Amino acid sequence: MDIARHKRNYDLHSWSGVTLGIFLFIVCFTGSVAVFALGETQVWEDPAKRLSYEQEVPFQDSFSEWVETQEERGEIEFLSVGWPRSDRPYYTTRAFIHLAGTENDHDSVIQNWHPETLEPITTREASMSSWLVRFHIDLKWPAMLGGSQVGRFIVGLAGILLLLAILTGIVAHTKLTKEAFSLRFDRSVRLKWQDTHKVIGLWGTPFHIMIGFTGAVLGIVTLIAPVVAFLAFQGNLDALFETVQGPQVEASGVSAEMISIDDFRTMLHPETGMAPMSVSIQHYGDANAVYNGFWPATERLTMTETFKVNGVTGEQMPMTALERGSSVPSRIVAATGPLHFGTFGGVALKYLWFFLGLSLAVITALGTMMWIERRQHGNEGKRSDRFYNGLSRLNVGICTGLAVATAGLFVHNLIYWGAESGRGLSIAWTYFGVWIVSIAYAFLRSGPYQANRELIGITGGLLILAAILNQILTELPVGGIGQHIPTLVIDLTLVAFGLIALAVAKKLPASRPEKTKVKLAKAKAKDVPTSVTVPAE
Amino acid sequence: MSPLIIGIIVAVVIGIGISTWKAPRLTSVLFWAALATILIGSALIMNLPGVVSQNLLWLLIAFPFIWVGLQFWCYWDPSKWRVAGGMVTLCMLLSVIVFVSTPLG
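Sequence lines, in order, name chains A and B.
Quick note on the working numbering: the first sequence kicks off at 1 and runs consecutively.
Quick note on the working numbering: the second sequence kicks off at 538 and runs consecutively.
Calculated directly from the structure, the hints in this document are not laboratory data.
This structure is a prediction, so every number in the text was calculated from the model and none was measured.
Only true hints are included.
In silico DSS-like links for lysine-lysine, alpha-carbon gap of 30 Å or less:
#1 A:178 to A:7
#2 A:49 to A:350
#3 A:7 to A:192
#4 B:617 to A:382
#5 A:178 to A:507
#6 A:140 to A:49
#7 A:7 to B:559
#8 B:617 to A:175
#9 A:7 to A:382
#10 A:192 to A:350
#11 A:7 to B:617
#12 A:506 to A:350
#13 A:507 to A:350
#14 A:192 to A:507
#15 A:382 to B:559
Some but not every residue of chain A turned toward chain B, in silico, with C-beta under 8 Å:
#16 164
#17 216
#18 236
#19 244
Glycine included, each C-beta is placed from N, C-alpha and C at the ideal position.
With the rest of the complex left out, here is chain A (with noise of 0.2 Å):
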């Protein structure tokens, strides 16, 4: 490749990872941490979630009953009953209603109950884990900025960013077999940054590759996607919807009855022979009634398998390929999800992701101290000391205090005193606050390198602390409910990469390593006499 070349791909590198870097932690983080919040963290967080029953009872009984409350707010557009499970130890029931006497509003109802007494349970309607998976997902993009959809526009890029980041710099490196084991941590700081950024980027790239694609296809692509097909089909979007989705049955404004919950639950899937995890349900009483059931995947690499029957006679009814995932496309899509989350493989291969995204969060942002190192301390630089200094100062902010915001949120759902009305606020306030403060506290310290060092310490406290007082305030006998396994699986998790923090914070220097004082590590190390002056590298 000539220079200009190289020169060309190395900008648009640079361009991808750097200046968007910061943009690219913050997905990149979140995403590590929604990989737990999706399940685990849930019952971690509500002790009124942590159950145990030694067997379901019948819920058809109380499920009608439930349905008719709701129906007297209005239209059911569509019902869906989840069973208890290992993280969801409880029946979940939701309604999405068109309330009476609107145009055009709609409400969505969600309730638990005990497996065994099937008493209605109240659980918090605003969650941390929510809250994390959702700003991965979407931003918390808000509504009057154009909501959830553009939110996961902008999060998609991400991912389009990603592989760009990762095809350019794949590009940039010639010499991929030797910089795969080159980690020269005696030298300068750029180097040591540098080998750890190319280390990690070559031997993670399947999963880096894989996460910013599936990223993409979560993100953009659904939303773009329906730009491509709207002028494919020039705006006619009924018929879009069908092409994709099929046929849809229409309500049939005959009564009919239904198949009983109870005895949904006792049909197994036919390879598997595993019971249904949830069920969603078309026109509720209707005798065009379809119910949509997903039992767990346990053959295929997809969040679950569908199977859709006439809620009436039990009867399989046909489905696209998409729903089927019959087809080599449709598979691919499917599992675009399970691989992005990690959802496929257990809580082993959760904390695998975890790691993986972990280090891909700390290769961007290592990509940008790496630009502003060159700049600030090497003959690229075109602004003064005092613009780099400040963005490096930006830098640990927004990248280190998001570690110290996450953890300060597990913190804040332990001593949380408000009303649970005004829990989301608060987790909201919470979250961008502890944010911002970091950031500031990374301007008021002496350098980057002492703020980073100390919030990174902080983050490892508040994890400890979060775990402790998780045992104290819900676990222990004291004021708890008794010691529930995988809540304190959590606990021990918090404390370890509390630890790891500590340790990591322990280990990193309060100031830049001065040039002397590596060439005195390096005469050292080669046992040559320090009044000699040892060659730059």
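Dock chain B against chain A, hints included.
Chain B in isolation, oriented as in the chain A frame:
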């Protein structure tokens, strides 16, 4: 169409024109590659044989690679004007294909 909408469209077109003139590679990466990808997708769906819903799924999978490939080409090609010219021409050709093709559905 209201004068306000026409005004916004004209302003956007002029803005993209100036930005393409001033920074052909960067504008191509940021704007033309995205537009070309959307138009490539539309043109392919309208003209590829086979089941439309399956083609849509294939497109969903190919979309990120087409987009990133076009962005990469913008900095790979030695001539910045060939990049910008190529992207604009590609978008114009694809627009014509989408316009003259029989709508689906």
